[in-house]
Amino acid sequence: MNSSNITITLPGELRFIRLASKIASNTASLFTETRKTEAENWEFAHAFELAVSEAFTNAVVHAKKQAAPQPVTITFTLEERKLTLAMRDSNVPFSTRTPSPDPENYPENGYGLLLIRTVMDTVTLTRENDTNIITMSKTL
Amino acid sequence: MTITETTGSTHTIVTICGTLDASTAPDFRNSPAIADPSRTVVIDLDKMDFLDSSGLGALVGVLRRKQEANATILLSCMNPPVRKVFDITGTCKLFHIFDDTDAANDYAATYLRGR
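Chains as they are written, first to last, in the numbering used here: chain A, 1 to 140; chain B, 1001 to 1115.
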């Protein structure tokens, strides 16, 4: 199966969150163009916009604990009916980050991974060579 | 993101235009009627085009502090991308949510005058 990769690297700073999420939603929009209904295309693009906003925020917030902000690299893999996005950062490991919230108490923080897992078809978290990799994909 | 506050005798209408995320949440928290825990606010979300969990967390935190001071937040005119975040997290149960701002205003005025 043919696939294409697009990779971008952004500074790990709060002010780049919106740029990262808009790049993701625009990539998803162009990828889905004319393939589905307008509502389905919107949902597909919004899923990537939201997931990247959450993942990028998580990487940046944890970057602030380090001496200098680390860059965040995002790779899109486009296949016939599937878009996969891998986000890499070299900040503190996922395992040491904020645990999922108790949903009954409705806390102020900790909804990010819940949102990502809900809007994406598959989500994996791995750490390789001191790099965190969150990989998420969604099929049309 | 831009925030506009319109203050009346009983409460304040806060209109948020743009995105509420980790980069804009501090400005939201510092807006005068939002930062005042005793001030009830109607937040008009008609022009909010994107909300993520950081923005949601800011709303939940402000709601908690206002409730402790016997005030509250009423939300109106949620767009689909905003509503989706509330629905997935279940936090829609925490807020009074109205389809239009006039209804939220009427509710706030009636409720606050009755106290």
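Keep in mind that a hint or two might mislead.
Derived pair list, reagent style BS3-like, types lysine-lysine, alpha-carbon separation capped at 25 Å [to be verified]: (1) A:Lys22 x A:Lys36; (2) A:Lys22 x B:Lys1047; (3) B:Lys1084 x A:Lys22; (4) B:Lys1093 x B:Lys1047; (5) A:Lys36 x B:Lys1084; (6) B:Lys1093 x B:Lys1066; (7) B:Lys1047 x B:Lys1066; (8) A:Lys82 x A:Lys22; (9) B:Lys1093 x A:Lys82; (10) B:Lys1066 x B:Lys1084; (11) A:Lys36 x A:Lys82; (12) B:Lys1084 x B:Lys1047.
Chain B stretches covered by chain A per the calculated footprint, using a threshold of three residues with CB under 8 Å from any CB of chain A [unchecked claim]: (13) 1059 to 1067; (14) 1083 to 1090.
Just so you know, the hints here were simulated from the structure itself, not pulled from any lab data.
Beta carbons: idealized from backbone N, C-alpha and C, even for Gly.
Hints, verified against the model:
no. : hint                  : in the structure
1   : A:Lys22 x A:Lys36     : holds, 20 Å
2   : A:Lys22 x B:Lys1047   : holds, 17 Å
3   : B:Lys1084 x A:Lys22   : holds, 18 Å
4   : B:Lys1093 x B:Lys1047 : holds, 22 Å
5   : A:Lys36 x B:Lys1084   : holds, 20 Å
6   : B:Lys1093 x B:Lys1066 : holds, 16 Å
7   : B:Lys1047 x B:Lys1066 : holds, 23 Å
8   : A:Lys82 x A:Lys22     : holds, 19 Å
9   : B:Lys1093 x A:Lys82   : violated, 34 Å
10  : B:Lys1066 x B:Lys1084 : holds, 24 Å
11  : A:Lys36 x A:Lys82     : holds, 13 Å
12  : B:Lys1084 x B:Lys1047 : holds, 15 Å
13  : 1059 to 1067          : holds (count 3)
14  : 1083 to 1090          : holds (count 5)
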